[in-house]
Structure formats: C-alpha cells, structure tokens
Amino acid sequence: KAGVTQTPRYLIKTRGQQVTLSCSPISGHRSVSWYQQTPGQGLQFLFEYFSETQRNKGNFPGRFSGRQFSNSRSEMNVSTLELGDSALYLCASRPTGATNEKLFFGSGTQLSVL
Amino acid sequence: DAKTTQPPSMDCAEGRAANLPCNHSTISGNEYVYWYRQIHSQGPQYIIHGLKNNETNEMASLIITEDRKSSTLILPHATLRDTAVYYCIVRPFFQGGSEKLVFGKGTKLTVNP
Chain A
185 KAGVTQTPRY LIKTRGQQVT LSCSPISGHR SVSWYQQTPG QGLQFLFEYF SETQRNKGNF
245 PGRFSGRQFS NSRSEMNVST LELGDSALYL CASRPTGATN EKLFFGSGTQ LSVL
Chain B
187 DAKTTQPPSM DCAEGRAANL PCNHSTISGN EYVYWYRQIH SQGPQYIIHG LKNNETNEMA
247 SLIITEDRKS STLILPHATL RDTAVYYCIV RPFFQGGSEK LVFGKGTKLT VNP
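Protein sequences appear in the order of chains A and B.
Counting in my numbering, the first sequence runs from 185 upward without gaps.
Counting in my numbering, the second sequence runs from 187 upward without gaps.
For the record, the hints were derived by calculation from the structure and aren't laboratory data.
This one's a predicted model, so the numbers in the text were calculated from it and none came from an experiment.
Certain hints may be false.
[Unchecked claim] Cross-link-like lysine-lysine pairs, in silico, DSS-like; alpha carbons within 30 Å at most: (1) B/K294 <-> B/K189; (2) B/K255 <-> A/K286; (3) B/K255 <-> A/K185.
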C-alpha cells in the first residue's frame with residue numbers, strides 16, 4: 185500500500201507569492217492533517233480535514249488555508265508568502281477519523297521563501 | 187505548548203537497550219501518552235501509545251509510572267536505523283474527533299556502532 189504522498193518535494197518561492205502544496209493520503213484514509221516544521225518552532229499543527237470538512241485549526245494566520253476533495257486528497261495554500269513561512273510542511277493521514285488513530289506522515293514539502 | 191519534558195539528546199550503543207524518559211507531571215486522567223519518532227528527512231512515525239498500563243509492540247515498549255507523571259520508551263535492541271528525534275506527546279482522549287498532536291522538542295537519540 186502506498187504511503188502518504190506529498191508534492192512537490194522541494195519548492196522555492198519569493199516573498200509575496202502564493203503557493204499550493206498537495207497531499208495524497210493512504211488509500212482509504214479519510215482524514216488529512218497538515219503540520220509546519222521549522223527549526224525554531226518545531227512541529228506545529230495547521231489544520232485537519234475529514235470528509236471535506238475542516239475539523240480543527242491551529243493558531244496560524246488566515247494566509248494559511250486548506251481544503252480536501254471528495255477523493256480525500258488535500259491541498260494547502262499559503263498566500264502572500266513571508267520569509268518566515270520557509271519550513272517543511274508535513275501532511276498526515278489516518279483511516280476513519282475515530283479517536284486515538286495513529287497518524288501516517290508523508291515526507292513533506294520543503295518550502296523556501298526568498 | 188507541549189505538556190512534556192524530554193532530555194534534548196541521548197546516546198546509545200548499537201545492540202543495547204535505549205531508554206528514553208519523558209516527564210508529564212501535569213497529565214490529566216483522560217490523557218494518553220504517545221510516542222513518535224522522526225528520522226532525518228522523513229515525516230514522523232508512530233511508535234506506541236498508552237494510558238496507564240505498560241504497552242509493548244513490535245517496535246518498542248512503553249512503561250508508564252503508576253502516578254502517570256512520567257514514562258519511558260524502551261527500544262530493546264537499538265540499531266543504527268533507530269537514530270532519530272523521539273517525541274513524547276500527551277494527547278487528550280477526546281478531541282471532538284480531531285487528532286491534533288502538540289509536539290515538543292523531543293530527544294535526539296544517536297545510536298553509535
């Protein structure tokens with residue numbers, strides 16, 4: 185079974201641009217979460233989607249948004265990029281959205297903002 | 187903020203047991219202890235979780251003290267591939283269906299040949 189797939193693996197953007205990152209969960213998984221990882225702040229929760237609905241949201245500005253499609257694939261978008269948005273963006277999926285399900289993470293998209 | 191405290195780094199000899207401690211003195215009765223690890227250039231990987239009983243799976247054992255204020259993750263025979271950052275996470279049992287994890291800084295475990 186294929187794991188969580190994130191594309192692209194690396195991305196370079198300039199300040200002010202916007203970016204869209206893609207995540208394909210494990211087949212059959214219906215919940216997708218996004219995390220941001222930086223050297224200073226570590227791993228931080230961005231948001232979680234289940235059946236196309238946002239279920240939870242972390243403490244990030246409105247420039248960060250996401251969505252989930254009917255096939256459970258998810259995208260996250262960052263508008264008006266800032267230098268501080270440079271980070272590894274990780275996507276994780278889990279099967280049913282039930283309590284205490286373990287997360288399966290992808291390898292992430294490394295975003296560099298110049 | 188993370189509700190756990192872990193040593194920033196530890197070393198272990200290959201083939202020996204690695205014992206990674208975690209302090210969670212403010213844990214509530216309905217909160218679980220989860221462990222994930224992150225190998226360089228990869229996403230975190232689930233290892234094990236528990237509530238109050240000791241747990242064991244094919245990867246590791248989790249020992250939770252009786253007062254639940256601390257726990258230890260045990261890798262019984264560490265290999266070089268176990269070199270990673272290990273995260274201890276306290277997670278409420280009920281999050282309205284959400285699986286938000288609050289990661290701390292973790293412990294960087296280095297397994298030496």
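I'd like to know which numbered hints this structure contradicts. Please list them from smallest to largest. 3
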